[in-house]
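As you go down the protein sequences, you meet chains A, B, C and D in turn. Here the first sequence stands for residues 0 to 370, where the numbers follow numbering that gives the first Met the number 0. Here the second sequence stands for residues 0 to 370, where the numbers follow numbering that gives the first Met the number 0. Here the third sequence stands for residues 0 to 370, where the numbers follow numbering that gives the first Met the number 0. Here the fourth sequence stands for residues 0 to 370, where the numbers follow numbering that gives the first Met the number 0.
Be aware that one or more of the hints could be misleading.
[To be verified] Derived DEER-like restraints, expressed as beta-carbon distance ranges:
{"#": "1", "chain 1": "D", "residue 1": "Asp87", "chain 2": "C", "residue 2": "Ser41", "range": "34 to 42 Å"}
{"#": "2", "chain 1": "D", "residue 1": "Ala180", "chain 2": "A", "residue 2": "Leu86", "range": "20 to 28 Å"}
{"#": "3", "chain 1": "C", "residue 1": "Asn37", "chain 2": "A", "residue 2": "Glu64", "range": "37 to 45 Å"}
{"#": "4", "chain 1": "B", "residue 1": "Arg173", "chain 2": "A", "residue 2": "Lys215", "range": "51 to 59 Å"}
{"#": "5", "chain 1": "A", "residue 1": "Ala216", "chain 2": "B", "residue 2": "Arg73", "range": "47 to 55 Å"}
{"#": "6", "chain 1": "B", "residue 1": "Asn71", "chain 2": "C", "residue 2": "Arg73", "range": "57 to 65 Å"}
{"#": "7", "chain 1": "B", "residue 1": "Gly316", "chain 2": "A", "residue 2": "Ala216", "range": "31 to 39 Å"}
{"#": "8", "chain 1": "A", "residue 1": "Ala216", "chain 2": "B", "residue 2": "Gly203", "range": "31 to 39 Å"}
{"#": "9", "chain 1": "A", "residue 1": "Ser164", "chain 2": "B", "residue 2": "Arg165", "range": "51 to 59 Å"}
To be clear, the hints were calculated from the coordinates, so they are not data collected in a lab. Remember, it's a predicted structure, so these values are computed and weren't measured experimentally. We put the beta carbon where it would ideally sit given N, CA and C, even for glycine.
There are 4 protein chains.
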Amino acid sequence: MASSFGHLFRVTTFGESHGEAVGAIVDGCPPGLEIDANAIQSELARRRPGQSPLVSPRVEPDELEILSGLFNGRTLGSPICLQVRNLDCKPADYETIEDAYRPGHADYSTEAKLGLRDPRGGGRASARETIGRVAAGGIARQLLTRDVGVEVIAWVESIGKVGSSRPDQGSISREMIDASALRCPDEEACSRMEEALVEAREHGDSLGGVVACVAKAVPAGWGEPVFDKLTSDLAKALMSIPAARGFEVGEGFAAAAMNGSEHNDSMLFRDGKVRTARNIAGGLSGGIATGEEIRIRVAFKPPSSIARTQETITRTGAEKHLLISGRHDPCVAPRAVPVVEAMVLLVLADHYLRHRALTGWPGPMAGPAAP
Amino acid sequence: MASSFGHLFRVTTFGESHGEAVGAIVDGCPPGLEIDANAIQSELARRRPGQSPLVSPRVEPDELEILSGLFNGRTLGSPICLQVRNLDCKPADYETIEDAYRPGHADYSTEAKLGLRDPRGGGRASARETIGRVAAGGIARQLLTRDVGVEVIAWVESIGKVGSSRPDQGSISREMIDASALRCPDEEACSRMEEALVEAREHGDSLGGVVACVAKAVPAGWGEPVFDKLTSDLAKALMSIPAARGFEVGEGFAAAAMNGSEHNDSMLFRDGKVRTARNIAGGLSGGIATGEEIRIRVAFKPPSSIARTQETITRTGAEKHLLISGRHDPCVAPRAVPVVEAMVLLVLADHYLRHRALTGWPGPMAGPAAP
Amino acid sequence: MASSFGHLFRVTTFGESHGEAVGAIVDGCPPGLEIDANAIQSELARRRPGQSPLVSPRVEPDELEILSGLFNGRTLGSPICLQVRNLDCKPADYETIEDAYRPGHADYSTEAKLGLRDPRGGGRASARETIGRVAAGGIARQLLTRDVGVEVIAWVESIGKVGSSRPDQGSISREMIDASALRCPDEEACSRMEEALVEAREHGDSLGGVVACVAKAVPAGWGEPVFDKLTSDLAKALMSIPAARGFEVGEGFAAAAMNGSEHNDSMLFRDGKVRTARNIAGGLSGGIATGEEIRIRVAFKPPSSIARTQETITRTGAEKHLLISGRHDPCVAPRAVPVVEAMVLLVLADHYLRHRALTGWPGPMAGPAAP
Amino acid sequence: MASSFGHLFRVTTFGESHGEAVGAIVDGCPPGLEIDANAIQSELARRRPGQSPLVSPRVEPDELEILSGLFNGRTLGSPICLQVRNLDCKPADYETIEDAYRPGHADYSTEAKLGLRDPRGGGRASARETIGRVAAGGIARQLLTRDVGVEVIAWVESIGKVGSSRPDQGSISREMIDASALRCPDEEACSRMEEALVEAREHGDSLGGVVACVAKAVPAGWGEPVFDKLTSDLAKALMSIPAARGFEVGEGFAAAAMNGSEHNDSMLFRDGKVRTARNIAGGLSGGIATGEEIRIRVAFKPPSSIARTQETITRTGAEKHLLISGRHDPCVAPRAVPVVEAMVLLVLADHYLRHRALTGWPGPMAGPAAP
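With the rest of the complex left out, here is chain A (with noise of 0.2 Å):
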């Protein structure tokens, strides 16, 4: 189960950054959905390397194949297999990292769980496993799309120092976020996070950042009271990214600084249907959907392969100056943004058939309760 996620729409992922291939494989999809492959390929394409001057330059198409789970382009109720060959796997930019442990990397973690580990490039805990999440949460997408209306997007709100102007509710579109390689709306903040990452490349080092995300049109009712809260599941999904070290909803932190006057949020009823004045929960109230925009942020700690000399110790006992070479990124955000989208799918598109299975949901066993 460590490579799995969710409960009835089920991923594995598999794969090693340098191995022969990674990918998933969703489990509990529901029969009878068309699938468009083009559309999980664009994913991936958001979520590739080499795309602008800004990301890692490993080259790969990162080609998707659908294995299994498929007749005529629509799902049979059955495990779909994803997967993408890796191409330029270049093993001997590892070689001097075999038995150095690379400091603000799992090298040193990742031994002492396993008692080996695989020099390649991170192994597992390289972002390359992200692919499966990607292609899976494409999957995902499609299904919340249909049978929901549901859409996921998030967006690169912070690089390093540098932060953006906050999107009004509602507003925020793909095509905004898409218009920047850096994945940010706001194009004045882009061109200084561009500046940032251009100097601290120069310095040979890299960045922080924060992505946000809102999933609109999530139903009032989805979620669970206790332990896998909307929220809870959220958090760990986000938090499994490579680099994540913060999760917020709503007000996150800052609701902590707040008297409950001005946290608590008027309810009422407009366009027939109950809300909140001001979605200050940001769409989560005891771990259910209140129907309002649901709104997170994730925090990303700066990137460890930065191209400066670093001092850190060897498997057999000695110290060593190690410069990292290789083909890394000096901020994971843009990339992150894709992922980050696919991890919030995930988890609503699992709680979607948690909720029908538990209340027959929308069907005529679950009566919401508002007028």
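Here the structure of chain A is known, so what remains is to put chains B, C and D in place on it, guided by the hints.
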């Protein structure tokens, strides 16, 4: 599974806030562990309402009964049923809210989910559900202490806008924390927090807060590299606590504003162990424990039950000015401290068994790589 | 999970034979279901010891308490805690066996597993553990009756070498079965079974038996095609009952001696439905329900507690002539009848929710193909 | 989860009979295990069609590719993707059955479930799905052999009405079984089985069969006492194989006709070990291994694809006389032998890790009680 947590050390909580009883079943606890029931009762006492003038005055002795899983005080490897009867139920307090949705509460989202709702104080969404978590966490603590020597300590870091000084790594102890009913080890900050709480209460208001937690002596290697990272399971565990709005590990959101050269941490040997110079990663790298102190933070929003008239609507569509009575906390952070510890302990106990299953740790099959 | 069953309709039993209490938690039961607690109490009465001279004389009222999950008699969608206190514990009966391993019992295997053992009557291996199953099965039955009209009926088919005539498909009813304490609908066979039991008891011996079970009105399409076949989940469920030694569906082992041309079954329309001519498959094809009556059989070995001296050894290595006292059944089959029903009901309730999750059944998303 | 099996050693199979590929992902295999890929290829060869004139003539080399989870031939503790491309697909063979429901097949039940169906040879219901099981079982076998010395051997016990003599406990070996393409170690019976098969085929008919299996050297203590008994997990595993109709452990259904005094088994010491005199229980007591040879049997129905005209109906409601072409086995038992072994191995590998997780076995924490 909605009310279960953990894969091998598995807890299922049950009970509504004003039902007959609340509690938990712990399945998967190793056999032969001597259980100190008084120690678990003490954990419950730290969580209990009515401890001080600054928490809810509901009077509940929260007396623990252990109904199964033990013989002569030792675990049998079978499910341990931990149960507390509810005594001080005042359903009358809740009559006025039977039809109205309380702002900031899960009333509406719960009803949208289920088509009905237990109006007696929040049902499963009540903080009373956490009794089962704390009791189960007490079992986890005794297992981890005996087998591994792990220690988990949480404390209040801030209440509203009042922060406290950050304790040095390794310096904090439970005695320091329990010295104050606010569970903050910084005495000076404590008195300012108390003032802030008294003031908030006088204004019929409530405050948010941040709880910090460290886990000491977690062996390097515990955790998983992909979805079930220790990081992501901790995030899920802590974001499942009522009122949690944010989660951080290590530098958290601050890491997103840092350069790689600042955030990276040298590796070195100290006392024959692989260590990092500064434990910037907060004890978790690639989702796996590094052997350093694990450091996390959780943000809690201010309680939604405030003594002010609020605007809301009823199930039948009427607008309503709602004044909530009942017995409530002005800030959840102090009583959340034992709940945070419990959730961290449950995650660690589960990953202890998972690590043992996968690698045979600490037996001969799992040779950690460090010299 | 060792004590949990089911994926969506999930039951966890707890309690040792002579501990404080036994029971179960049902998690995942849909909300809004009216629960008839008396009906569940009646199920327990059918399983209870002391019902007739032919079963164990232990006196237990087995009075059910429902501690959570209900409000005003309806399910809340939250865990339902079902509990029965143990009253007639006579641990003294078991003193002689504290050190000796009873032949045919799980004493040695349990101790080999756990390093210790609850010597009071078998602990978790006791048939008393099945109280939680029967209570949980009672919830499942009420769900399946209300939502789908499924009916599950089990009966004793043979005791020792005494068989009974096979009832015609569709003809059997609970009234016919409960007419005799032996739970066999064939009156004439009943009296021969009774004679066999009296004779066995006179010789200080016990008898095996076979329980048959049908599930009526299970909709075509329930089940899964690979590992989680309805067939395999039923097999697991029934082989988990203490003393079960064999399981069959449809023609069972007899099918292995048949030709394809005998075993194949024509398909046809009857009353507008897709049917088979003879339901040879026992209602299950490829692990999925065909819409016909599901027909299964379970073999139970004779109880191991017999009133004869047996050869065994003790924990400390001594040989011992053991004479077991205590209160035991001469044949488990009659009291196994409600347990068999409960396990089948638990499997069906789980697959009902799984089918609903995957396909939206019976909603518009799942269009069965038949005309 | 519909296509996953196991809790810690977890297998997910994928692929349709005539899709691009079939295979499995094994997640949870301990790290550092040297994998002999040729040995796994040999397991597949035993399951392969076209081996002899008595099995399906479909020509598939079933060449295994391992796409992930290994580095330098050793497991990394990460998911192992095992894959076989489908080559000899003849979808044209299946055109006539696209609309008609084949008697005895899962065509109708599958379509009733999913609202659609892969008509190319049964999709997931095809025996081709078992390739993933056999490959995964090959990994399990290598783990169990290295760590524990467990050996699992299955053979054909009967075909149609032709039985064979029961081998003495402990005497059977894989060489004896593989001496005949029918996988029956009783040479004399083999030639009668062959005659029966030739005769059946001449009449356009097919035959059922029984496969027996033993697991040697399973340590006392493996298994769980309640739902996840080794007994019940084996039952589930084996009843999930296509065409399985019955399952027995130890004396099976014969036990139901026995007296307790016959079925009980003395306990004694032999060679310093706790043993039973006759291993009547088939190595399983209370669901937990006794340390004796585990003995089980599985009944398979005759294949439904026979070369005779059968009566059926089509999706659109017409009656049809159906003559099935395609390439089929006259009896599944011989090719089921490696599948039975694989499923038993998967159950044992899973319970090995579960036992290790719960008790630390074979480390110091799990002191078995026997002297």
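Structure-based check of each hint:
no.: 1; hint: Asp87(D) / Ser41(C): 34 to 42 Å; result: 58 Å, violated
no.: 2; hint: Ala180(D) / Leu86(A): 20 to 28 Å; result: 42 Å, violated
no.: 3; hint: Asn37(C) / Glu64(A): 37 to 45 Å; result: 58 Å, violated
no.: 4; hint: Arg173(B) / Lys215(A): 51 to 59 Å; result: 45 Å, violated
no.: 5; hint: Ala216(A) / Arg73(B): 47 to 55 Å; result: 53 Å, holds
no.: 6; hint: Asn71(B) / Arg73(C): 57 to 65 Å; result: 41 Å, violated
no.: 7; hint: Gly316(B) / Ala216(A): 31 to 39 Å; result: 23 Å, violated
no.: 8; hint: Ala216(A) / Gly203(B): 31 to 39 Å; result: 36 Å, holds
no.: 9; hint: Ser164(A) / Arg165(B): 51 to 59 Å; result: 31 Å, violated
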